[in-house]
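Visitor: The chain contents come next:
There are 2 protein chains.
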Amino acid sequence: MGAAASGQSSVGEPGTARIAVDLLGGDHAPAVVVDGALRACQADPALHLLLVGPLEAAGEVLGALPPDDRARISTLPIAPGDRVESWVESGVRSAVLAVAQGAADAVLSAGNTGATVTSAALGLGRCPGVRRPPLAAVLPTTAGRLVLLDVGSSIDPDEETVVTHARLGSAYASVVHGVAEPRVGLLTIGTERGKGDRLRRALPALLARADLPSGGRYVGLVEGSDVVTGTVADVVVTDGFTGNVLLKGLETAYAELGPPHRENPPRAALLLGVEGTVVVCHGAASGPDLAAGIAFAAQLHRQAAVAVMAEMIETQRGVP
Amino acid sequence: MGAAASGQSSVGEPGTARIAVDLLGGDHAPAVVVDGALRACQADPALHLLLVGPLEAAGEVLGALPPDDRARISTLPIAPGDRVESWVESGVRSAVLAVAQGAADAVLSAGNTGATVTSAALGLGRCPGVRRPPLAAVLPTTAGRLVLLDVGSSIDPDEETVVTHARLGSAYASVVHGVAEPRVGLLTIGTERGKGDRLRRALPALLARADLPSGGRYVGLVEGSDVVTGTVADVVVTDGFTGNVLLKGLETAYAELGPPHRENPPRAALLLGVEGTVVVCHGAASGPDLAAGIAFAAQLHRQAAVAVMAEMIETQRGVP
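Which chain is which? The protein sequence lines are F and Y, in order.
First residue of the first sequence: 1, per the numbering used here; consecutive thereafter.
First residue of the second sequence: 321, per the numbering used here; consecutive thereafter.
Incorrect hints may appear among the rest.
[As the list claims (entries may be wrong)] Derived CB-CB ranges, DEER-like: (1) Y:Arg403 - F:Thr231: 29 to 35 Å; (2) Y:Gly434 - F:Thr142: 29 to 35 Å; (3) F:Gly220 - Y:Asp389: 55 to 61 Å; (4) Y:Asp389 - F:Arg262: 45 to 51 Å; (5) Y:Arg403 - F:Pro204: 21 to 27 Å.
Keep in mind that the hints were calculated from the coordinates and are not lab data.
Backbone N, C-alpha and C fix where the C-beta goes; we use that ideal spot for every residue, glycine too.
Please construct the entire structure, taking both the sequences and the accompanying hints into account.
Guide: Below, the structure is given as structure tokens:
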């Protein structure tokens, strides 16, 4: 942990999860992040938080917790710099570095997606073969749940990037959702041949011959409706623009109308293809959303999901 | 009407609407189209249908109607050609020509979108300034309803095309929904500056200075969530790929969970910017969906929506 960090956080306790929380990320930071951190602490007694950002905001969390719980909070103060934008982005950079240096087990940020992806790629390193780490979201479906990626990292990906995302998504569905042989679909606007743009016309042949981990298999073209029903695919790959628009539309519809399944996943996305656990919430996330994101990061750390996925993909690639 | 057409359809009766129905269009044609045609006829005694396609399918509609109602059905037979694809697409071409020749007032097809757009542009003509006619869908929102375009015609539009679509969408919201000064938003993945791809970064400046008909005004960037709530925009413009994916996702969510508003618009899109009324249903449309599409085409014809919109846009452009 860097010299600026303070407080005692227990390392290596069974079940303990130490999450570095970016107090500066999000449309309503730090207020809703403070709220989310408090909710998460209250819900999980084995959770430790490293609060990265202004000391006053971290102080609000400490002040609201009973004395016995304060030992679970560490702080990594960041003071405002000259440029507001760079100051805000330094929150996620510092949170990522805390994980890289072993001071935390995972990062939670609701800040700018581009800054988070870049910080994570540089600070933690990308897995072999990963050019642009994708953000993978989980949506409830009438059949259960489904992994949608990318939802905002690669706006205009090339073919190879989407094929890599299919591999990462397949590993995610296997490790985190326990799906035996994940079915992977490509999102497009009609299942007739030749529909969609150049990317969508080139991808089916590449996806059909891609080796997907954990017995994953490409099941063909899917449409927006299939992301709601979940009956044809466990994983749906698309560009980050389309994925982000669809995710925000469906999440809001489910928030208004109730989810299509009793199981309602957290409104948080995992950054795949980096060597560490980085969970991203929407900029507009609420306190409960952020608490769910922190709990999700803790769950992923406890099941060593990122390491297991990386090993699964390396094995599939034939690398010992 | 061409020599191949038969039957008596009344022209110019008050309230009468003559809809040319493409029996060959859609994933489950002609069966569900026959079902939709029957439902539409039963629901609206002033409706006349010109059934375009195989005589056997048209015969099924006639056979299922009481004798008194059969006078409201005309047929335009099409026999299978050598190439299945071209045969199927000849359904919508013939339906469009029937409108161009005055034998019908509007077209309804659930067939291939590209074939429908091309047939309509060639057969009916495009309005001045329209390069690629967009498909405009209406979605229910928590606040009421919203026009989303394009939903499948322009997969990779240039800036000028999207600005034209904003004009057409503004006229649509004014004429069909009675919105006084339509608010037009641009769909993207975050409302911070610089988010999205090249198209989304170039468009805000162009949309801000575009003259939109009926007092329409550009209200800025919107996200997938705003298409569900409907609180910030009456019209949302996007490329046809993103629009199609979002439309199919939300429509399916609303079908599963119930719509967010008591008013539930038909699952059918109007082709804007052509000189005639062309309504498109999804390839996977059900009988009730097709009946709703036919009723929607009849409503648009009865209010002369397409002519009123064209005049509104011409006035705005300063053309007398």
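Visitor: Next step is simple, just say for each hint if it's right about the structure.
Guide: Results for each hint:
1. Y:Arg403 - F:Thr231: 29 to 35 Å: Holds: the Cβ-Cβ distance is about 33 Å, inside 29 to 35 Å.
2. Y:Gly434 - F:Thr142: 29 to 35 Å: Given range 29 to 35 Å: holds, Cβ gap about 30 Å.
3. F:Gly220 - Y:Asp389: 55 to 61 Å: 43 Å, violated
4. Y:Asp389 - F:Arg262: 45 to 51 Å: 47 Å, holds
5. Y:Arg403 - F:Pro204: 21 to 27 Å: The hint (21 to 27 Å, Cβ to Cβ) holds, given that Arg403 of chain Y and Pro204 of chain F are roughly 23 Å apart.
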